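Novice: So for the sequence shown, UniProt numbering puts the first residue at 1; every next one is plus one.
In short, the hints are calculated from the structure, not lab data. Since the model is a prediction, treat every value here as computed from it, not as a measurement. Errors might be hidden in some of the hints.
To be verified - Straight-line distance between alpha carbons at most 20 Å, and here's what the computed EDC-like set of lysine to aspartate or glutamate pairs gives:
{"#": "1", "residue 1": "Lys202", "residue 2": "Asp279"}
{"#": "2", "residue 1": "Lys95", "residue 2": "Glu121"}
{"#": "3", "residue 1": "Lys162", "residue 2": "Glu297"}
{"#": "4", "residue 1": "Lys87", "residue 2": "Glu76"}
{"#": "5", "residue 1": "Lys371", "residue 2": "Asp99"}
{"#": "6", "residue 1": "Lys87", "residue 2": "Asp99"}
{"#": "7", "residue 1": "Lys89", "residue 2": "Glu59"}
{"#": "8", "residue 1": "Lys161", "residue 2": "Glu297"}
{"#": "9", "residue 1": "Lys380", "residue 2": "Glu355"}
{"#": "10", "residue 1": "Lys66", "residue 2": "Glu76"}
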Amino acid sequence: MRNNGRSISLEIPASSPISLPDLKPPRLDTQKISKIAAQNLEFSPLSANSAKRAATTLELCSMLHKYHYLPAWYSETVKTVNISQIKEKINFIYKAINDIEKTRLRDEYATYSLKVGSQQENKVLNRYSDALPYDHTRVVLQTEGADYINASFLTSLDGSKKYIAAQGPVPQSFGDFWQMVWEQNTAVIVMLTKEEEQGRIKCHRYWPEEIGNSKRYHKMTKTNSICFKISHSENFTIMNGNLIVREFIVKREMLLKDDLSEAPELKRIRMIQYTAWPDHDSSDPRQVLSLIDVANEINRQAEQDYIIYTTSAEKKIGPLVVHCSAGLGRTASFCTIDSVLHLLKSGYTIYEPGELPANDLVAHTINHFRKQRCGAVQSKSQLQFCYDAIIMRVGDWYYQGVPVTWPIVDKIK
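Between the sequences and the hints, there should be enough to build the whole structure, so can you do that?
Specialist: Next comes the structure, spelled out in structure tokens:
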């Protein structure tokens with residue numbers, strides 16, 4: 001709880017004379033979403049259903065090389081069939097990314113500062129004291145004197161993909177979280193954690209659980225009080241129960257002198273929760289690829305029905321809000337895989353000699369994200385996971401007959 005003219009984030013009972021209008025279609029095309037989620041699992045080259053089946057990512061790389069489909073930069077990481085040497089290369093790249101970040105923080109501290117998140121009044125809003133947003137990329141709430149939330153803007157190497165990487169909300173920041181979603185015009189939230197893992201709370205529940213229920217999350221400012229009324233209108237589960245899609249109707253309300261007044265907007269927000277990705281670890285690459293496909297499809301559908309009612313001409317949806325627990329490991333891995341796949345399809349290339357492999361899109365994307373959120377991608381296993389997921393999707397593209405848009409390797413040495 002924050003007070004003294006700053007902010008309060010708390011839960012308020014939903015009893016109120018204000019009611020939501022009768023919402024009409026368009027609604028989510030759940031049949032299409034379920035089909036998208038299943039397609040990658042059934043027809044991947046690593047699936048038993050594939051006519052050109054590869055048992056491992058190494059076999060997949062060999063197959064893609066044979067058919068002139070393997071990205072040239074990727075071959076630098078898998079140019080040997082020796083598993084231990086591949087691990088050594090991953091360790092080298094991860095160490096280089098860490099060393100670059102340490103130098104960045106030491107030599108350019110004025111640019112890469114973490115001062116706002118470290119302030120005494122904001123400490124209660126951080127889930128972890130060592131996972132803070134950079135000042136220059138943090139999301140700034142539109143509230144004078146209470147503008148802090150532990151969240152950062154992330155932009156891909158070519159600037160075409162944008163995300164908000166956030167920590168899992170704590171009870172004191174529920175109102176802040178929904179304020180951010182509202183102000184940034186976010187239509188889709190991607191949650192990459194269970195609420196609890198191995199007896200430890202990883203993310204507090206910031207939504208009403210039951211369909212048909214509503215909750216208010218309250219933020220008090222110097223001049224008024226803002227309520228975000230969240231109504232749980234729909235949900236469905238796919239991918240063997242590992243992926244839950246929830247739909248919320250969000251209304252912003254203002255409380256002035258104990259009188260509740262409605263804001264002239266209603267927004268439909270979807271939240272996708274993936275529950276099969278342990279903290280500091282990796283998941284099934286095929287499932288995460290399906291998760292990315294589902295998130296992008298729901299975001300596309302949201303462009304048609306995100307704003308239910310508004311008096312403003314502005315209807316463009318904003319970036320995905322992606323969070324796990326700290327907003328570093330799983331969150332940045334998701335964003336890395338999604339953005340690198342987009343770079344591959346667009347034909348984007350990079351060549352920057354230095355500590356990192358000069359043309360490696362994964363290594364340079366993570367290094368780029370670390371300039372925007374300190375500690376992005378937290379472990380060697382998560383780095384390896386990014387490579388594995390990306391090459392699996394390249395294998396999918398080969399299987400589907402997608403034309404090559406990237407430089408290919410002549411041969412694996």
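Novice: Determine for every hint whether it applies to the structure shown.
Specialist: Against the structure, the hints come out as follows:
no., hint, in the structure
1, Lys202 <-> Asp279, "9 Å, holds"
2, Lys95 <-> Glu121, "34 Å, violated"
3, Lys162 <-> Glu297, "16 Å, holds"
4, Lys87 <-> Glu76, "13 Å, holds"
5, Lys371 <-> Asp99, "13 Å, holds"
6, Lys87 <-> Asp99, "18 Å, holds"
7, Lys89 <-> Glu59, "18 Å, holds"
8, Lys161 <-> Glu297, "15 Å, holds"
9, Lys380 <-> Glu355, "17 Å, holds"
10, Lys66 <-> Glu76, "16 Å, holds"
Checked against the numbered hints given earlier, the structure breaks only hint 2 and satisfies all the rest.
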